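Peer 1: Put the complex together from the two separate chains, hints included.
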Amino acid sequence: MRVCRKQTGVTGGLEFKPIGEANMKHLMRPHHPDIDETMWNRIDQIIETHRPRPGSVIAALRECQEVVGYLPVPLMDYIGRGMNLPPSDVYGVASFYSLFSMTPKGRHTVRVCMGTACYVKGIKEVMSRISNEYHIEEGGTTGDRRFSLEAVRCLGACGLAPVMVVDHDTHGDVKADGVLKVLERYE
Amino acid sequence: MQKLTQRELEKRREALVAARAADGKIRLLVCGGTGCHATGSIPVIEALKAEIEKNGLGDRYAVVETGCNGFCAMGPIMVVHPEGIFYQKLTAEDMPTVVAEHLIGGKPVEKLLYKNPVDKKRIPLQSDIPFFSHQMPRVLRNKGLIDPESIDDYIERDGYKGVAKALLEMRPAEIIEQMKISGLRGRGGAGFPAGMKWDFASRSVSDIKYVLCNADEGDPGAFMDRSILEADPHAVIEGMIIAARAIDARKGYVYARTEYPLAIRRLQIAIDQARELGLMGQNILDSGFDFELEIYQGAGAFVCGEETALMRSIEGRRGMPRPRPPFPAQKGLWEKPTILNNVETFANVAQIIVNGGQWYASVGTEKSKGTKVFAISGDVNNIGLVEVPMGASLRSIIFDVGGGVPDKKKFKAVQLGGPSGGCIPEAYLDTPVDYEEIAKVGAIMGSGGVIVMDEDTCMVDMARFFMDFIQDESCGKCTPCREGTRRFLQILEKICDGRGEPGDIESLEELSVIIKDTALCGLGQTAPNPVLSTLRYFRDEYNAHVYEKRCPAKRCVELLKFEIDPEACTGCGLCFRACPVEAIVWKKKEKARIDKEKCIKCLTCFNKCKFGAIN
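So the sequence lines, in the order shown, correspond to chains A and F.
The first sequence begins at 1 in the working numbering and counts up by one.
The second sequence begins at 1001 in the working numbering and counts up by one.
Excised from the complex, chain F in its bound form (with noise of 0.2 Å):
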């Protein structure tokens, strides 16, 4: 295909905007992303298309999978554009109904239609509903709007348009400077201003120069990167392509995690496209500049997230990180100047450049500008991936956006930034969205991950959650954070067994400063805040755990008596039907008693019991 030119970009853009304007046809969008697939998405798209072209409305619509829409556990998805009706869990036979009443009959189908959680009444559009109406969208502009797998659809709602002016129009130096008026930090979690990062990258004198891409997104309860490749990987890979241009370097890679197949996917079609209209390659837009991007494929080691051991990994190598000084901006990828950014971060690159940092800059808090993907999962009523401006509140994300905790449970605590981060209680709550103040309450603002937990959430018990993971995950290269993390999940699981003994509590926050200052990378470094957090606003829980052998929140089933309270069972039998081991001894309109010789401690009987009636 023809190479185009700046002048025939924007051509290719009007062309495409006069002939979306002159068919006139209404789109389907259906989602396609991870989740949809999961819950079905595609044979709803098949049945929806096959029941179009039954009833020959193919010259008026059109279906289009797009990437994830953002309102994962309403999947599938659908929004029928410009109109803005919006569909939830559809399955493949509710198509013919879609298309009789709502295509042909010209009215929306009810039964299909989100229903609000709070006062049960349908709402039609989604503008209307919460967890879109107070999202600022920025980043995610394009999600759930265009085929992901079409470049025509990104050019046409101005794609590439940051890269022909980045390229054309200024000045390496120019793009520095933007990037840093805009104040755009890295979002991966530390926070490092992204335009300072590269302007060390830029000084840097050496004939290769790499920039990489941060696709490794191991914090459990994340997925705004895999959703921001498989919704708008043109934005990525023009992020990548103006960074290349500020530092002046030749060769890229997305470092992306092999658990995510059709983010790969998609983002290998997207190069593939962008290079076949010389978007990629040599000569990009008849500008004299070159630039070559490839997947890197992880194998599955949370500790490549670090920027030195992602490097390591790309090598072909154990990914273990390294100690810095020298900085990856004077020797990174084969010891040559790289810049490693995070996939949200690069999507957010080209809009600064055509708007301008101070338009980027225009949002936010007075040290962290711009929006904020995050992945609102766990407790809560509304999952998904949501954006909003920095300076919003946790609660307005966690009950506005994500519609508070369902099932008439009390909120417990919000979990942000993974393993690395922590736990914030209640009254927290009305911390705003900011790198520093975020730090202040003892987590940190990390990729993304918001994880709700109610009231049934054991906070002793997340703390050994995270630790074994991040045991597992410690590369062992360091002593501190390889036999340190095993120590303190040794302690955590002793005092979630019921072996707990004074002076654990107190060994957890010694060792706590002790990994804090002597790690070599920041995995080890902040291995101890899920500990010190949930330590710092539930020292009670650890405490019962301790001295009580008992746990509040009865998960930790070592504590547990698995005895029926004869007082409160009413014979009803749920718990003997429920019981996987037969267990549970009961006949009819009599009370049951449990079996501890079969018992398993699965908590079945406990979930199931309606009447709390088991210890």
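Chain A with its partners taken away, still in its complex shape (with noise of 0.2 Å):
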């Protein structure tokens, strides 16, 4: 039993100690446009829940992308004052996974597969309709901030290929003649 008590640390020596929800509070919330008051509170909650778990900087760096839809810079500042991380690391995580981007997004994600299954079947010209349609590059977001256009790796829905995720709503068989009427219902 005591070994076992030792292994569900989970730490291999690495323990962070918890600094408290009071030294929380003295952390000073920066101020942004795009984060507002339940916000922080949330992006609170999500560094106390994470901070004593070592390697957990990726899923709370995930966890406060869903709250506020990107990583601002002072965000990411933010959450490694609050898991004692130093900035630099925070940011080479950021920089390093496709997941997170650091830049506002569009009201809706368009997430177009470009695995090979797709590729086969014809996803290039769809992705250039889209993007000759509303005048999008690849990673990009329309003025009006309607539309991000994103280009994935395979979603692994190769039987639907090929394949569009529209925020949640996953479209198979999309083709470069169909594909504008389907984004059209979403304003």
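Certain hints may be false.
[Stated by the list, open to error] Which stretches of chain A does chain F cover? Using the computed rule of at least three CB atoms under 8 Å from a CB of chain F, they are:
#, stretch
1, 98-107
2, 149-159
3, 165-176
[As the list claims (entries may be wrong)] BS3-like mimics (lysine-lysine), calculated; alpha carbons at most 25 Å apart, straight line:
#, chain 1, residue 1, chain 2, residue 2
4, F, Lys-1610, A, Lys-175
5, A, Lys-175, F, Lys-1089
6, A, Lys-175, F, Lys-1410
7, F, Lys-1409, A, Lys-175
If you are wondering where the hints come from, they were derived from the structure by calculation, not from laboratory data.
Just so we're clear, the structure is a prediction, and the values are computed from it rather than from any experiment.
Each residue gets a CB set at the ideal place from its N, CA and C atoms; glycine is no exception.
Peer 2: Structural data, given as structure tokens:
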């Protein structure tokens, strides 16, 4: 049993000391136009949950991005301070993984699958049709912040290829001819 | 809830089997995998339930949402069990008909049955459909048969028998011995014998060890791991507990892609259920053995499928590989001995323990034992998940199980192993599925993605596609991979855009050798494979691009003229109606012409024209 308790620590000796909620309040919340009071409270909770668990900065960043929509630099610095990590570490992680975005997103995220099966079945034409119609490049957002266009790696739904995911809706068998009709539905 | 002992587990199983036999309910198994969810299986389930309720059939029929059935292209799918009638492409509106004609009338609904693309005949029974009849389900034995969110469904089908046996009747050395006899090799792609890996880790002395499951299925065109996790998550958990026992680890992680939300949710449910019954956590089945399992979500980096990079990522850092040795079996996660296996590898383990290594090794070739799960997609009739014995030929997978190439097009090549793999042409289709044999023809077994390509695919463009992927996913740590793949891509783009020069093909070959020899990790070392294998079999296409400025498959738009041949044009106007930018000039009964100022080279007219009049 004694051995077991040691094991569930999971840290391999790299224990992080919790600083407690009292300390959390001393962290100055930077002012940011896209983050309101409720979001900050939620962010504090996320940091609080993850701080004692080493290696959880990726999870913390992901959850904070879900709250705010993207990761502005002041937010990343705030997360770093909260989790006792240098800002360079947080930025290093956020810039490495494709899930994280440091620029604001549109109201709807259009994720076009660039997997091999979709490619063979003509996703390239679908992509260029969207780009031409809304004048957005891959990774860009329309001027009116209606759509963000992303090219993603295989979504594992190759049975439906070519695949496009708008927000949480998966659209299978999308053709260049029909794709604009699908997108019209998202205001 | 009560924590189970081995005897109580057996009792629970017997009771479940007896209860199932006693209620005599016919089970309507509706596929609830990611694919079928997207095509609308949830409304189908709701409509079916409502219709059964309305007709008062609740005591004779049970609707079950299963994991991925495997035949993704035909979704939403329903199988009537135990009869075995297979329905495809269902909609909620079909449900009243199904209930009235089949459940009440006793006659299967003809128009919803599977139609054989060869002779256009309907096939009512799942077991008669070629896609299923050529398979040998072992890893996928529960797919489409159980509710993945119910641990009792799993226990009823001999679930957790392997854990009970491994924990209470076997010593760790015996577990490893059986794994070695089985000859099971890592299903992630490299094919390292799992038993040996476990043996190394068990010999490492440390108070803390880890068991990791690689569910970061990054290869484009691969969805085996997602389907296994969605259809049978407990099988993976069971394999991990047994592995932990073998190497004496108390903690495990499943590193899963964040793009697979349904798989993650079902795995979490499975872990919680196992913990509740005492099959996870402290003192599992009263054996004195403890094991905790946690899901770690990745954040979208292909290189994290490499073992050392994956471990860095779990540590919360940039997922960059490091040189080996030390191997993870000595120094892995948090510098502790660690084993990492793929989802499919772990899903095999429990059956090996229950039935013995000998049983597992009875199927397969000399060096590759057991079965392999493949995800077939691309230009093929039957898209989906298949499991075949090792040694089966690629031809049988593509033509017998996969049903061949649709639309009377000609088969051109099959791509195996994702961005690290290669393309195999028709001439080598009789190659058996075997790690060594596939390597001989220039591809790799890989994790199991099989992408079929028809004659309309340009192989230079395919090489460019994979190189674009690899150079984007290169982590940037070592120069050969970071700079080499970029240079690769520049040359390939040049060739595809019609700016290819003599010497370019030779540069590609030279670069390949250098990158292969000098890159730090598997990602870089295998990066040249897509180029090398296409060069090996389709060099004439490269030559046509470079020397004749011509794309034989007519996919590279910069090499196409976009002119209408007045001889071939019938003046039908199909292209005119299809063009999104009104670049086609056409009047009724007149031949069409393309206005090059307006043309955006989208290929729509080219694909629409039935007379091949567009160049």
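Peer 1: Where does the structure disagree with the numbered hints, that is, which hint numbers, in rising order?
Peer 2: Result: no hint breaks.
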